[in-house]
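Visitor: Sequence:
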Amino acid sequence: MKKIEGVGVHLAPEPLITVLGVKYLHLRVVDGSDLYVTEHGLPFTKCLMPENHWGDRAWMNAHAIRLPGTSALHRVLTKNVDDRPKEIVIKWNRMGQDIPGETQVLDDAGAEFNSPFMEFSLVIELRNAHLESPGRLYTHKPLAIYVPRKYVKPEELGRRQHRMEAIERSHDEISIDWNRNYAVIYEWLKGIDAVEACRSGLLDNQTMVELVRRTSEDLSNKGFAVSDNKPQHIIVRPTSNGQLARDRSGQPLYGLVDFELLKRSATREAQLRAKKRQDYLVRQVHRFETRDEFPLGLTPVTIMGVDYVYGQVESTGGALWVVGRDPMLFDYFLPEKWRRTPRTRLSTTYEIYQTVTKDNVRLVWRVSRVGQTPDADPYIRREKHILDYGYNSPFEEFSIALQLSRSGIETTYPRDLYDRPPVHRLIFAGRSQSLREPRRPADQRRTSDPEPAPPVLVHLGLLERTG
1 MKKIEGVGVH LAPEPLITVL GVKYLHLRVV DGSDLYVTEH GLPFTKCLMP ENHWGDRAWM
61 NAHAIRLPGT SALHRVLTKN VDDRPKEIVI KWNRMGQDIP GETQVLDDAG AEFNSPFMEF
121 SLVIELRNAH LESPGRLYTH KPLAIYVPRK YVKPEELGRR QHRMEAIERS HDEISIDWNR
181 NYAVIYEWLK GIDAVEACRS GLLDNQTMVE LVRRTSEDLS NKGFAVSDNK PQHIIVRPTS
241 NGQLARDRSG QPLYGLVDFE LLKRSATREA QLRAKKRQDY LVRQVHRFET RDEFPLGLTP
301 VTIMGVDYVY GQVESTGGAL WVVGRDPMLF DYFLPEKWRR TPRTRLSTTY EIYQTVTKDN
361 VRLVWRVSRV GQTPDADPYI RREKHILDYG YNSPFEEFSI ALQLSRSGIE TTYPRDLYDR
421 PPVHRLIFAG RSQSLREPRR PADQRRTSDP EPAPPVLVHL GLLERTG
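Per the working numbering, numbering of the sequence shown is gapless, rising by one per residue and ending at 467.
It cannot be assumed that every hint is accurate.
Claimed, not checked - Straight-line C-alpha distance at most 27 angstroms; calculated DSSO-like pairs for lysine-lysine:
1) Lys384 <-> Lys263
2) Lys79 <-> Lys46
3) Lys23 <-> Lys46
4) Lys153 <-> Lys79
5) Lys337 <-> Lys263
Said to hold, decoys possible - Derived Cβ-Cβ restraints for the label pairs, each shown as a range:
6) Val301 <-> Ser220: 42 to 48 angstroms
7) Arg160 <-> Asp218: 30 to 36 angstroms
8) Asn181 <-> Thr344: 37 to 43 angstroms
9) Ser407 <-> Arg381: 24 to 30 angstroms
10) Arg362 <-> Arg57: 50 to 56 angstroms
11) Pro154 <-> Asp218: 33 to 39 angstroms
12) Asn80 <-> Thr344: 57 to 63 angstroms
13) Asn61 <-> Asp218: 20 to 26 angstroms
14) Arg362 <-> Arg406: 18 to 24 angstroms
15) Thr344 <-> Asp218: 36 to 42 angstroms
16) Asp292 <-> Asp56: 48 to 54 angstroms
17) Asp292 <-> Arg406: 49 to 55 angstroms
18) Glu168 <-> Ser265: 53 to 59 angstroms
19) Gln161 <-> Asp218: 32 to 38 angstroms
These are computed hints drawn from the structure, not numbers from a lab. Each residue gets a CB set at the ideal place from its N, CA and C atoms; glycine is no exception.
Sequences are here, hints too, so could you generate the full structure?
Guide: In structure tokens form, the structure reads like this:
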């Protein structure tokens, strides 16, 4: 790992990662702790090093204030690094825990504490919601996620197994450690909460109640809800003349904090899935059109006459080949979008499944059998041809399927090849009924695959070239 000069920290083996749509710089502290820094935190990376706040007990005793609430959170002034101290809030995440009785939630049955990565993902999505509709909701900025090296027994952390398993299933891009604490670090949002404003005479009780209702409505209008929305989470700003800062309509300006119970509304979830699917369908129509620019890390390649967008998969270390020339389609087929979604097995003899991805795309995927010996009798001429040739490689399957399609023969639609050694998978979309498998001439030469050999994914296992 590369050491960063002047700071007791190294770049992690994969320093740039994306988790639930949020990009992080992953740093490994010399004591084994981890720090995941967001784009908002990058300018303050040195201040966010644990040695400059939580890791120094004497400093914390002198410069940290325990804030009220049921969770463990502190307001901290970091050390002065390069003449740049930073006021931050450190809050220990409660994922997997029961919601305490003193925390009043609106939907007790469905409320769950977010993981730190889910919390940051939702907060950033909420902050960007002003790009979708008029009106902006202000929050404190998510700066980093801090994971101390110290291991703790899960029962001591109060984490329920079924909840942690559900969190793991939704976080394919990163491994969640059940035995470590996670802290979210936010920028301190200047001002006072609505309860303190009420005690100070800046708000009366009725206005405070109205402000809570207004924030809930504003969140709902953006497609979000906070299960424990309360005045302590609403920050208002006093002015020098003893009043509160107000917007053009005369309403108190406010910002929101504390998002461990933030979630999307059911309507927003449905809208996002529908929007992603519509974009996907439009892009599939134009997938073979030439693109002049490709994002860093993605490359156009042509294999056996088929165009692909090729790239490495951050979350698994595998590789992905997406059919076509549109790099924007790459994201739709990342394994975290389909690998753990509910699926239906379509065969009792080998691994082939139908599923609906997180982006509402219907897919059929299967594990490639290239390199395996087909179940055939060598003393039967027809079956001996099968043994002589073997299973098609992933690239051959896609090439054959597209040739048949161009010839007017209906096939499943090849979409992508995913390779995570040693398992190979191949994905098709569209019709999933089984296909008839004509035989290829026994003397036909097998075209070699490019290196490295990738995976395969749907029901074209023994499909052969004709003519």
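Visitor: Find the hints from earlier in the document that the structure breaks and name them by number, from lowest to highest.
Guide: 1, 4, 13, 17 and 18
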